[in-house]
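Q: The residues making up each chain are set out below.
Number of protein chains: 2
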Amino acid sequence: MKTGLHFLVAAKRCEIDELQQLGRTSALVNITGRLIHGLQRERGLSNLVLGSQGAHFTEARNAQVAECLQLEAELRTCLDCLDTNAAHAGNGARLFSRIAYVLHGLGALPALRGQVDRLAWSVRQSTEAYTRLVSGLLAVVFEAADSATDPEVSRLLVALFNFMQGKEFAGQERATGSALFAAGRADAPEQQRLLHLIDSQERCLQVFGEFSPAGVATLWDQGQDRATLADLERMRRILCTASSGSALDANLSLPWFDACSRRMDGMKAVEEALAAELLCVCQRKMASAQAELTAYSALSENDTGETPDLAFFMAQPAGAPGASAGLNVAAQGFGPHLERSILELVQEQAQRLQTIGDELDTVRASLNERKVIERAKGLLMAHRHLSEAEAHKTMRQMAMNQNRRLIEVAEAVLAMAEVLPPPR
Amino acid sequence: MKTGLHFLVAAKRCEIDELQQLGRTSALVNITGRLIHGLQRERGLSNLVLGSQGAHFTEARNAQVAECLQLEAELRTCLDCLDTNAAHAGNGARLFSRIAYVLHGLGALPALRGQVDRLAWSVRQSTEAYTRLVSGLLAVVFEAADSATDPEVSRLLVALFNFMQGKEFAGQERATGSALFAAGRADAPEQQRLLHLIDSQERCLQVFGEFSPAGVATLWDQGQDRATLADLERMRRILCTASSGSALDANLSLPWFDACSRRMDGMKAVEEALAAELLCVCQRKMASAQAELTAYSALSENDTGETPDLAFFMAQPAGAPGASAGLNVAAQGFGPHLERSILELVQEQAQRLQTIGDELDTVRASLNERKVIERAKGLLMAHRHLSEAEAHKTMRQMAMNQNRRLIEVAEAVLAMAEVLPPPR
Numbered sequence: 056m057k058t059g060l061h062f063l064v065a066a067k068r069c070e071i072d073e074l075q076q077l078g079r080t081s082a083l084v085n086i087t088g089r090l091i092h093g094l095q096r097e098r099g100l101s102n103l104v105l106g107s108q109g110a111h112f113t114e115a116r117n118a119q120v121a122e123c124l125q126l127e128a129e130l131r132t133c134l135d136c137l138d139t140n141a142a143h144a145g146n147g148a149r150l151f152s153r154i155a156y157v158l159h160g161l162g163a164l165p166a167l168r169g170q171v172d173r174l175a176w177s178v179r180q181s182t183e184a185y186t187r188l189v190s191g192l193l194a195v196v197f198e199a200a201d202s203a204t205d206p207e208v209s210r211l212l213v214a215l216f217n218f219m220q221g222k223e224f225a226g227q228e229r230a231t232g233s234a235l236f237a238a239g240r241a242d243a244p245e246q247q248r249l250l251h252l253i254d255s256q257e258r259c260l261q262v263f264g265e266f267s268p269a270g271v272a273t274l275w276d277q278g279q280d281r282a283t284l285a286d287l288e289r290m291r292r293i294l295c296t297a298s299s300g301s302a303l304d305a306n307l308s309l310p311w312f313d314a315c316s317r318r319m320d321g322m323k324a325v326e327e328a329l330a331a332e333l334l335c336v337c338q339r340k341m342a343s344a345q346a347e348l349t350a351y352s353a354l355s356e357n358d359t360g361e362t363p364d365l366a367f368f369m370a371q372p373a374g375a376p377g378a379s380a381g382l383n384v385a386a387q388g389f390g391p392h393l394e395r396s397i398l399e400l401v402q403e404q405a406q407r408l409q410t411i412g413d414e415l416d417t418v419r420a421s422l423n424e425r426k427v428i429e430r431a432k433g434l435l436m437a438h439r440h441l442s443e444a445e446a447h448k449t450m451r452q453m454a455m456n457q458n459r460r461l462i463e464v465a466e467a468v469l470a471m472a473e474v475l476p477p478p479r
Numbered sequence: 056m057k058t059g060l061h062f063l064v065a066a067k068r069c070e071i072d073e074l075q076q077l078g079r080t081s082a083l084v085n086i087t088g089r090l091i092h093g094l095q096r097e098r099g100l101s102n103l104v105l106g107s108q109g110a111h112f113t114e115a116r117n118a119q120v121a122e123c124l125q126l127e128a129e130l131r132t133c134l135d136c137l138d139t140n141a142a143h144a145g146n147g148a149r150l151f152s153r154i155a156y157v158l159h160g161l162g163a164l165p166a167l168r169g170q171v172d173r174l175a176w177s178v179r180q181s182t183e184a185y186t187r188l189v190s191g192l193l194a195v196v197f198e199a200a201d202s203a204t205d206p207e208v209s210r211l212l213v214a215l216f217n218f219m220q221g222k223e224f225a226g227q228e229r230a231t232g233s234a235l236f237a238a239g240r241a242d243a244p245e246q247q248r249l250l251h252l253i254d255s256q257e258r259c260l261q262v263f264g265e266f267s268p269a270g271v272a273t274l275w276d277q278g279q280d281r282a283t284l285a286d287l288e289r290m291r292r293i294l295c296t297a298s299s300g301s302a303l304d305a306n307l308s309l310p311w312f313d314a315c316s317r318r319m320d321g322m323k324a325v326e327e328a329l330a331a332e333l334l335c336v337c338q339r340k341m342a343s344a345q346a347e348l349t350a351y352s353a354l355s356e357n358d359t360g361e362t363p364d365l366a367f368f369m370a371q372p373a374g375a376p377g378a379s380a381g382l383n384v385a386a387q388g389f390g391p392h393l394e395r396s397i398l399e400l401v402q403e404q405a406q407r408l409q410t411i412g413d414e415l416d417t418v419r420a421s422l423n424e425r426k427v428i429e430r431a432k433g434l435l436m437a438h439r440h441l442s443e444a445e446a447h448k449t450m451r452q453m454a455m456n457q458n459r460r461l462i463e464v465a466e467a468v469l470a471m472a473e474v475l476p477p478p479r
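Protein chains in written order, with our numbering: chain A, 56 to 479; chain B, 56 to 479.
Mixed in with the good hints there might be a few duds.
A pair holds if it fits inside one copy or across any two, identical chains being indistinguishable in the list.
What the hints assert, rightly or not - Straight-line C-alpha distance at most 30 Å; calculated DSSO-like pairs for lysine-lysine:
#, residue 1, residue 2
1, K323, K57
2, K432, K57
3, K323, K448
These aren't lab readings, by the way, just hints derived from the structure by calculation.
Next comes chain A alone, as it looks inside the complex (with noise of 0.2 Å):
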């Protein structure tokens, strides 16, 4: 017969499974990343290709998609080995779905870069191909986020999707300004977009920012190059003020995807620096969880099989806010006192899950937020037929009319969904 020790180790065992699985998680999240970054610069490069009619930068194209097939190839292999018989913690399911979507995508990319190759496409559809190709690895990413069941780890898995996110919004800045200046001719919806994706990068650097650790933060704010920074910004303020149908210099084109180029690898580096944090946290939390298990199991040997007495109606109740927290099992004496110590036990362990849902549902908050943030917009897309841009705008005009918050006009559209007609 099963007793109260059995499931007290059983629950730790779940916690090590758990951080195991996060272990593979951001193995795959890392892999993931650096794919993303590749293919944020071949989208950049086929895009300089495609606008220079294919007299430039064939061979730098060239050697970049040759390294994305190599990145590709990586992802498939971390992809192999994923267990998919595993549980996957909640939400499998969901993740499974998106590396089904992916796996699709890149099977199609060689299509993709077939219209590159033949000038087939234009750069606005080359870079829609490209950037929904790379929403979907992101799309990973966000699972792989909200399956943590750790919040030390949720925290650094939010930081990095949103630095990730972050970039993303970045590399779509420089193909729309190289596209802007390249055309030599400032339009005004491009001009829109450009700022939506300036704007949208810095929400998610700031959510990277409260959420990443200090030493991370530090290196982001202290790592960027000032004279790249001053560059960009002349840039960016030349492509956003210029009126509509008045001429770029095209000579621009360049300099803009350097800079942008040189600002995206420095973020590179922040995310390695996250995903090399998140594998140690992982491990260290998975040698502190196996100590404790470790402790448990001598207790299980120790198990006499005394029955617990009056004092389980004494103690304080499991869970309860102010209950014994900070115990130390592996300095837990055992003996005449066991079932008592095992009672403590399990009173710790129910504090301490406790408190571990708690922070996870304060971390989760900032995710379930972009989840209400992305469904209202999609929700406006499809009823008032605007692109994703415009329906960012409309909110963001609506929060600031209202003197709310984002996060407050989204909740405010979803709960405006019934009463709305049908789209189309």
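Knowing the structure of chain A, use the given hints to seat chain B on it.
A: What follows is chain B alone, placed relative to chain A:
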């Protein structure tokens, strides 16, 4: 190499695993509910024994103890069958930890019964001990509800948990009222406690009404015996309005106990209807998921390994709002357009999982509200040395004075946590 189809199938398998696990959890919830009911009766009869100094109800109590031993054995069998090695949808650790606590409490139950046998404990001590054990059992049901990854199942579990919790408040009301009548004298703190229990009970039943399927809600509304209810309300009025210290008719002790018990037996029937519905929904969902998996597997065999084409970049992004929903998998043709239709399946799956996730968030909100309110209550209890009833009353009062919802007051209390002095 794993293909998109592979992960499409893996995602569906995850869904099936989760449903299977929900089925097992539902069985655990069912027997837990029956044991709770048995312990509630044992608590009531023990009080009558203690109240009459062992002169009455000994036989009835002995019979009830025997029944509880039987139910406990059933629960232990169910726990022995629980696969503690399988991952449990993200909150296995919390569920197992709750079970460890409960097993410890069940181990201590013989000692508690001994105290009652020897008339060594007061009615209050005995009530509190049983109540602690029941609240541990309810925490198991709460974790089960919190683990559901299917919105329909989650709704049922939320309804069931709230109904069980409401019934436990009814049980505590029975015990408190019995003790008051038996003492023959009104007592202000106990009367306040009674009001708190009636109030909490009604709040739980209201949530039950919101989340319960119409059939079961009707069963509850129409199944209540009006004569019993009128009796109960008359005695409630007597208990609550007597001025503190004035005499109460000790002869009402038994009619009160009987009226409360009849009501609780009626509640048990509703509980069982909910549990049956739960099992039925799990089985229906399993069957439909299994059919979809079979359809996917057929696709798998026909997978010609054709390369995905540009269709990927033209179609609606997966999970985008308004993406083609309601595709019938089984009706999908495959063959020449195989890849196209796998892309559609991937999109349909992503869209469906998105919808499920959104619905789940909505249902979960009610569980989260409960967590926040409990946390705030615990904070008040620790910081202001209040009983649970007093903390509850304080928050209700704040909500009324400020014309805010209880959850908003709870959030405000938690936000104040940092500036409060440390407890004790």
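Q: Any of the earlier hints contradicted here, and which numbers?
A: Failing hint: just 2.
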